[in-house]
Amino acid sequence: MLLQLHVKNLAIIDEVEVDFTEGLNILTGETGAGKSVILGSIHLALGAKADKDSIRDGAEYALVELVFQAENEEQRKRILDLDLPIEDDNIIILQRKIMPARSVFKVCGEAVSVSVLKELAPVLLDIYGQHDYQSLLQDKKHLDILDSFGDGRLTDKKAILKEEYAKYLELKKLADTPEMSPEQRERELSFARFEADEIDKAKLIPGELEELESNLRKMENSGKVKEGLSRVLQLVRDEDTSCENVLNRALREMSNVSSLDEDMEEYEARMSEVDSLLRDLSRDISSYLEADDFDEREFARLQERVDLINHLQIKYGKNIEKILEYAEERKAYIQRLENAAEEGERIQKELQMQESLLKKCAEEVSALRKEEAQKFEQEIMEALHDLNFMQAEFKVSFEEAETVSANGKDKIVFMISTNPGEKLRPLSAVASGGELSRIMLAIKTISAKRDAINTLIFDEIDSGISGKTAWKVSEKLGRLSHSHQIICITHLPQIAAMADSHYCIEKSGQDGKTVTQIKALNENGALNEIARLLGGDSITEVVLENARELKLQAQNAKNG
1 MLLQLHVKNL
11 AIIDEVEVDF
21 TEGLNILTGE
31 TGAGKSVILG
41 SIHLALGAKA
51 DKDSIRDGAE
61 YALVELVFQA
71 ENEEQRKRIL
81 DLDLPIEDDN
91 IIILQRKIMP
101 ARSVFKVCGE
111 AVSVSVLKEL
121 APVLLDIYGQ
131 HDYQSLLQDK
141 KHLDILDSFG
151 DGRLTDKKAI
161 LKEEYAKYLE
171 LKKLADTPEM
181 SPEQRERELS
191 FARFEADEID
201 KAKLIPGELE
211 ELESNLRKME
221 NSGKVKEGLS
231 RVLQLVRDED
241 TSCENVLNRA
251 LREMSNVSSL
261 DEDMEEYEAR
271 MSEVDSLLRD
281 LSRDISSYLE
291 ADDFDEREFA
301 RLQERVDLIN
311 HLQIKYGKNI
321 EKILEYAEER
331 KAYIQRLENA
341 AEEGERIQKE
351 LQMQESLLKK
361 CAEEVSALRK
371 EEAQKFEQEI
381 MEALHDLNFM
391 QAEFKVSFEE
401 AETVSANGKD
411 KIVFMISTNP
421 GEKLRPLSAV
431 ASGGELSRIM
441 LAIKTISAKR
451 DAINTLIFDE
461 IDSGISGKTA
471 WKVSEKLGRL
481 SHSHQIICIT
491 HLPQIAAMAD
501 SHYCIEKSGQ
511 DGKTVTQIKA
521 LNENGALNEI
531 ARLLGGDSIT
541 EVVLENAREL
551 KLQAQNAKNG
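Mapping to this note's numbering: the sequence shown position 491 is 491, numbers consecutive.
Since the hints were derived computationally from the structure, they do not count as laboratory data.
Predicted model, so just to flag it, every value in this text is computed and none were measured.
Just so you know, nobody snuck in bad clues.
Label pairs and their in silico Cβ distance ranges:
id, residue 1, residue 2, range
1, Glu74, Asn524, 38 to 46 Å
2, Met353, Glu304, 48 to 56 Å
3, Glu350, Gln184, 17 to 25 Å
4, Ala166, Phe398, 19 to 27 Å
Glycine residues also receive a C-beta, built at the ideal position from the N, C-alpha and C atoms.
Throw the hints in and build the complete structure from the sequences for me.
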């Protein structure tokens, strides 16, 4: 759920903050008041490209913040899968600071890339504007829409299909590799054997480089270590004021004290232990210093080994594990070259088997799609009737593609007839702008039951509609707002009347500059705004009464 929008220094916005609520949030305002800037600010926070005019004149930067609450477990899991933080009470704060040369994106205070933000956006909300409605005209989008409607069986089978298709492509690539001439094969064999032998002769052991480098550092620092230990030994025993001499004097004094008071014998014993430990330490340090254990040949051997491993890493892989993997790949390549004829036959057989398996998997996906398509058609028809497509018919048309892909073998097209007696035709050949927005609303209504996204934003959902159709759209939004948070920009009073929370976007002049502001309307303010939408600037008592009736009718429809 989107809890708050905060915008500062963006275009004609000085600074605004909006607290959204559950249910249907309606935004209205006069043409040019800045409704598009408000929606645009949400797009910007979610990673949309910002142009140089985004920053308000005279400001150094623009700022957009969105505060969400991840209300369901699926949302929270997907956010954590992106390695993004979630604050207390499942709060997610998105912030974008737009500067002339760059933008800085943050999620809950942690800097993120725009690519990560674009992965996060569809987890938090869906935005539907004119561009999204137009996407319905693209037949290739229809398959995605149908698949998103499907249940877990279709999702799981599609994942298997994708894996099988990847295996098929790999085998196809091997099968399509041009056959080498004997001379070329011999050159390839010679080079592959050289690389494999070079790695084998090194007898690499995973993890050995770290151990070698650690031992080298110890040997390189051995001189400094001995110098330091010599100074330590001097301080411990080789000066009049050394630790041993001072401790001996203290021990004699403690012996005198304990002879006078037997309770002091424990202190004397503990001091004797310290003296013994210090003498043992002194002997150990002396032994270490007397041992000349620096081995020049061992040092050279270690350095040579490190140089060899670094050389192999440059040639074959960033670490020993990768180098060994490369060696196995080269050995497999050698085997294929040495058995080229047999290998070719084996690949062809595997390719044929994989092709059969892929087709079978595609058939299973297609069968599940056709099963889901029947349910999809039925639910879309019901939703379209609710949106005043009283005589509409809707079908999902299936055709078989020439080749199987990662999506299977199906080409689908949404077919519709909006008037009695008309034959079904592709959606792209029939629907007007107003019809497209209603069809998208119908699709979103049925898919919203299945997804984990709680917040839906609609812009221009009222494009090209009026009268009874506008009222039907309003009712559908009202019903959808029972289960989802809806944010809708509209100019129609029928839709505005259905609001749970109503916000007015206004434009005014301040200090010679144009400023956009948003204010949450109380009951009277909402009635006046509905009246303005009904009657323009001339708000009479009759228009106000019409607004009251419309508001009452909307609430009755919503609660009925």
